[in-house]
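Protein chains in written order, with the working numbering: chain A, 25 to 336; chain B, 9 to 300; chain C, 2 to 249.
Bear in mind the hints are in silico, worked out from the structure with no lab data behind them. Every value quoted in this text rests on a predicted model; they were computed, and no experiment measured them. Just so it is clear, CB atoms sit at the ideal spot from N, CA and C, and this is done for glycine as well. Incorrect hints may appear among the rest.
To be verified - Covered, in the sense of this in silico footprint (three residues per stretch, anywhere, with C-beta under 8 Å from a C-beta of chain A), are these stretches of chain B:
#1 38 to 47
#2 100 to 107
Unchecked claim - Cβ pair distances, simulated, as ranges:
#3 Gly81(C) - Gln55(A): 50 to 56 Å
#4 Val80(C) - Pro131(B): 55 to 61 Å
#5 Arg168(B) - Pro136(C): 36 to 42 Å
#6 Pro294(B) - Asn238(C): 22 to 28 Å
#7 Gly154(B) - Trp167(A): 25 to 31 Å
#8 Tyr316(A) - Phe169(B): 47 to 53 Å
#9 Gly313(A) - Gln181(B): 33 to 39 Å
#10 Pro131(B) - Gly91(C): 52 to 58 Å
#11 Ala216(A) - His43(B): 38 to 44 Å
#12 His43(B) - Trp203(A): 40 to 46 Å
#13 Asn224(B) - Asp223(A): 39 to 45 Å
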Amino acid sequence: MSKQRRFILWVAVALLLLGTGLGLQGYALFQFQQWLVLVLALVGLHGLTAQAGLLSLGHGAFMALGAYTTAMLTHHAQWPTPWAWLAAALLGAAWGAGLGGLASRLTGHLLALATFALAVAVPQVLKAPGLAAWTGGAQGLTWTPTPAFWNQPLGLTLCLLGVVGLAMGAQQLAQQRVWGWALVAMREHPVAAAELGFDLPRLRRQAFAWSGALTSLAGGMGAMVLGHVSPDAYTALLSIGLLAGLVVGGVGQLSGVGLGAAFVLWVPQWAGEFSQSVPWAIYGACLLGVAYVAPEGWPQAWRAWRRKLTKR
Amino acid sequence: MEPSIWLLQLSAGVANGFIYAALGLALVMIHRTTHHINFAQGEMATLSTYLAWQLIQSGMPVAAAMALTLVLSLAMGVVVQRVLIRPVQHAPALTQMMVFVGLLVSINAFTGWWFGHVLQAFPSPFPVQAPAGLRLWSGHQLGMVGVTLIVMALVWLFFRFTRLGLALRAAAQHPEAARWVGISVPWMWAWGWGLAAMLGALAGMLMAPVVYLEPNLMMGVLLYGFAAAVLGGMDRPQGAVLGGLLVGVIDPLLGTYVVGHELQQPAVLALVVAVLWWRPQGLLGPKAQGAA
Amino acid sequence: MSGSFKRIWVHSMSGLELHAVSAGYGEQAVLQGLNLQVPQGRIVALLGANGAGKTTTLRAVFQAVRTTGQLTWAGQSLVGLPTEHIVNRGLAHVPQGRGTLSSLTVEENLLLGAGWRAPRQTVQAALEAQWARFPSLAQRRHQQAGSLSGGEQQQLALARALMRGPQFMALDEPSLGLAPKVVSQVMDTLAQLNAEQGITLLLVEQSADLALDLAHEAVVLQLGRVVAQGPALAMKNDRALHRAYLGG
Numbered sequence: 025m026s027k028q029r030r031f032i033l034w035v036a037v038a039l040l041l042l043g044t045g046l047g048l049q050g051y052a053l054f055q056f057q058q059w060l061v062l063v064l065a066l067v068g069l070h071g072l073t074a075q076a077g078l079l080s081l082g083h084g085a086f087m088a089l090g091a092y093t094t095a096m097l098t099h100h101a102q103w104p105t106p107w108a109w110l111a112a113a114l115l116g117a118a119w120g121a122g123l124g125g126l127a128s129r130l131t132g133h134l135l136a137l138a139t140f141a142l143a144v145a146v147p148q149v150l151k152a153p154g155l156a157a158w159t160g161g162a163q164g165l166t167w168t169p170t171p172a173f174w175n176q177p178l179g180l181t182l183c184l185l186g187v188v189g190l191a192m193g194a195q196q197l198a199q200q201r202v203w204g205w206a207l208v209a210m211r212e213h214p215v216a217a218a219e220l221g222f223d224l225p226r227l228r229r230q231a232f233a234w235s236g237a238l239t240s241l242a243g244g245m246g247a248m249v250l251g252h253v254s255p256d257a258y259t260a261l262l263s264i265g266l267l268a269g270l271v272v273g274g275v276g277q278l279s280g281v282g283l284g285a286a287f288v289l290w291v292p293q294w295a296g297e298f299s300q301s302v303p304w305a306i307y308g309a310c311l312l313g314v315a316y317v318a319p320e321g322w323p324q325a326w327r328a329w330r331r332k333l334t335k336r
Numbered sequence: 009m010e011p012s013i014w015l016l017q018l019s020a021g022v023a024n025g026f027i028y029a030a031l032g033l034a035l036v037m038i039h040r041t042t043h044h045i046n047f048a049q050g051e052m053a054t055l056s057t058y059l060a061w062q063l064i065q066s067g068m069p070v071a072a073a074m075a076l077t078l079v080l081s082l083a084m085g086v087v088v089q090r091v092l093i094r095p096v097q098h099a100p101a102l103t104q105m106m107v108f109v110g111l112l113v114s115i116n117a118f119t120g121w122w123f124g125h126v127l128q129a130f131p132s133p134f135p136v137q138a139p140a141g142l143r144l145w146s147g148h149q150l151g152m153v154g155v156t157l158i159v160m161a162l163v164w165l166f167f168r169f170t171r172l173g174l175a176l177r178a179a180a181q182h183p184e185a186a187r188w189v190g191i192s193v194p195w196m197w198a199w200g201w202g203l204a205a206m207l208g209a210l211a212g213m214l215m216a217p218v219v220y221l222e223p224n225l226m227m228g229v230l231l232y233g234f235a236a237a238v239l240g241g242m243d244r245p246q247g248a249v250l251g252g253l254l255v256g257v258i259d260p261l262l263g264t265y266v267v268g269h270e271l272q273q274p275a276v277l278a279l280v281v282a283v284l285w286w287r288p289q290g291l292l293g294p295k296a297q298g299a300a
Numbered sequence: 002m003s004g005s006f007k008r009i010w011v012h013s014m015s016g017l018e019l020h021a022v023s024a025g026y027g028e029q030a031v032l033q034g035l036n037l038q039v040p041q042g043r044i045v046a047l048l049g050a051n052g053a054g055k056t057t058t059l060r061a062v063f064q065a066v067r068t069t070g071q072l073t074w075a076g077q078s079l080v081g082l083p084t085e086h087i088v089n090r091g092l093a094h095v096p097q098g099r100g101t102l103s104s105l106t107v108e109e110n111l112l113l114g115a116g117w118r119a120p121r122q123t124v125q126a127a128l129e130a131q132w133a134r135f136p137s138l139a140q141r142r143h144q145q146a147g148s149l150s151g152g153e154q155q156q157l158a159l160a161r162a163l164m165r166g167p168q169f170m171a172l173d174e175p176s177l178g179l180a181p182k183v184v185s186q187v188m189d190t191l192a193q194l195n196a197e198q199g200i201t202l203l204l205v206e207q208s209a210d211l212a213l214d215l216a217h218e219a220v221v222l223q224l225g226r227v228v229a230q231g232p233a234l235a236m237k238n239d240r241a242l243h244r245a246y247l248g249g
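Turn these sequences into a full structure, and let the hints guide you.
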């Protein structure tokens with residue numbers, strides 16, 4: 025598909041989303057906002073795990089960080105929401121940079137397990153009685169937002185659309201520049217990349233910081249959508265769900281995050297009604313299924329099948 | 009004289025430490041041979057423990073059920089490796105992680121669905137009271153320490169003095185050269201998984217009488233087992249044992265005297281991360297490797 | 002191009018035979034339609050410059066690289082078999098760099114050479130035979146293999162290959178990194194094994210003269226194809242051949 029065609033397609037999608045945001049009301053709008061939040065989170069995860077190959081099983085922790093930062097700043101300190109969001113993004117970047125430093129010591133699967141430990145630890149830390157004055161303990165925090173524009177459903181939706189658009193645009197741009205290529209090189213041939221002069225530890229910190237900022241921001245905006253934060257919304261299930269969503273959407277390209285976000289949003293809602301185990305089962309089945317069938321993404325798998333079929 | 013609280017906690021920590029060491033050893037075994045981390049090690053262990061429980065429920069004596077479960081777990085490990093892991097042996101790391109995490113999640117879901125989420129009591133094969141002089145531990149805790157020590161010794165003897173163990177060592181340390189000597193390296197990996205599954209099952213069956221059997225039994229133990237393995241330097245079996253004991257002892261001490269019970273697990277994990285930051289190769293790992 | 006030697010085709014039902022074998026790594030084929038016969042009980046030297054495909058030929062014999070074409074030993078096809086099955090059929094491989102399991106002891110290396118499923122008595126007997134043939138190894142039986150000298154590691158590689166009583170041995174540059182005196186010892190041992198036990202040898206060597214002294218026949222590869230073959234003695238004296246393919 026030519027560049028112009030692609031551009032027109034993206035503009036059409038953007039307009040469609042804008043129209044949806046303006047047109048929906050009530051519960052449907054609420055779902056749409058939650059979907060946008062997850063799209064933003066997955067854009068963050070995509071850049072890190074799919075592109076740079078840094079396996080993170082703990083992105084739920086970033087969402088919790090952003091959500092609680094926003095909640096505490098708006099509730100306890102009465103900050104206006106956009107400043108709280110900015111703080112969430114910056115804290116996410118800082119925390120990400122720290123994790124990026126860890127990534128140079130723990131490679132591949134070890135990093136994944138370390139981030140998984142982080143994901144498991146987050147609800148426990150949030151529930152700790154010692155911090156309850158700040159975090160609200162096991163009940164979490166609920167608040168009524170000020171009547172500012174960005175706290176109204178319409179304004180919030182427009183903010184989300186704007187941020188998601190900017191994030192995807194920036195991510196797409198980064199992928200096509202040297203920084204993006206450097207990340208791919210680091211993923212595929214780290215030794216060669218180092219020999220070419222790329223500063224790998226720095227790249228890792230940067231990739232993690234960018235990812236952390238986006239996902240943390242997603243968490244913060246998500247907190248405003250819900251009007252409520254609680255520890256049980258940020259368990260390991262969320263982190264695994266994000267990974268499953270990334271994988272289902274397809275790791276090969278960024279545009280899959282829409283599908284992935286829908287997956288993460290609706291599986292717990294729909295399947296959780298049956299039993300506690302069903303969301304887990306679906307995530308597990310999807311992870312295994314995609315791993316064997318379409319590990320690089322759906323277009324790539326489709327091409328591979330087509331090649332196999334035409335060979336016969 | 010009544011032993012002081014902290015002495016009791018210390019001895020309980022040592023007993024638990026052996027469990028973490030067993031699981032850490034399972035992780036090391038797989039990592040050493042295939043450079044994979046089996047995320048699903050804990051869940052496989054939980055499934056094995058439920059299997060043992062089912063056997064006991066249908067009338068089998070506890071010790072016999074546990075022994076049979078160990079054998080069945082060996083088979084399960086081999087089958088999982090041959091069927092599920094082998095196809096992605098050379099796939100990119102993300103694909104492999106999809107499989108491992110998918111396995112973790114699927115087994116957990118299956119266990120929850122098949123056996124339900126109700127807490128179940130799991131009987132201990134050991135007497136309630138320890139013999140005189142060792143009363144610092146309960147009968148079961150002493151059993152935990154004893155059985156784990158014996159199994160670890162048997163595993164060491166197996167690797168050292170049997171030819172299959174020798175072949176496993178060769179395949180783990182020199183996979184390229186081992187094939188020229190007629191060793192089927194892929195099958196050695198499968199046997200490694202089988203042994204790891206056995207160790208995991210042992211850890212689960214020893215843990216269940218203490219904390220009750222439920223589908224998330226081994227989730228926390230997996231993380232502590234991971235902590236034990238990386239503390240010890242990921243590829244050193246002795247390291248996993250040392251790491252396990254350290255984690256087992258530090259865990260209750262941190263919980264009771266420093267951060268409180270709720271923050272116990274995060275604190276232990278944070279401590280392990282701090283140690284890794286300072287010394288990435290673990291406490292017993294080789295001299296500093298360059299991070300690139 | 003010298004025409005003073007003839008191409009000799011040795012037809013035999015036993016021995017190693019490659020017909021139209023192509024092999025390679027990924028897209029590029031290294032071997033292109035290779036025809037090679039190693040008659041049973043003979044020593045054949047495989048010569049050629051770097052990159053000619055000598056090592057790939059050996060790997061192809063042991064199916065360590067994907068091959069097309071025909072590959073048989075003693076009349077039975079080896080195509081598609083896992084390497085360990087081929088080793089179990091009596092073919093041994095001493096790879097480049099000896100392939101010693103350096104973290105294991107000398108004795109452990111030999112034990113593995115016999116295969117972990119072989120009966121205890123067979124292994125013991127084979128072990129004793131190696132101690133007798135290589136006394137310096139016997140002295141170091143509990144030493145870590147990686148700490149042996151180059152020459153001793155070569156002996157270890159040979160001894161390990163012999164543990165299974167092979168009928169065929171492929172050696173990839175056994176003289177690499179060894180002092181001349183040690184090299185001649187190794188060559189003497191190989192000649193002895195061939196003479197006494199009739200072991201078929203396929204010897205890859207960069208140093209052509211060395212291999213031609215030992216071998217009965219020689220095959221020269223270039224760019225994955227056979228460009229010359231014949232009796233070793235004739236090849237050794239053929240200066241034009243040397244200049245064309247063997248670096249003068």
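Checklist entry - Which of the listed hints are broken here? => result 5, 6, 7, 8, 11 and 12
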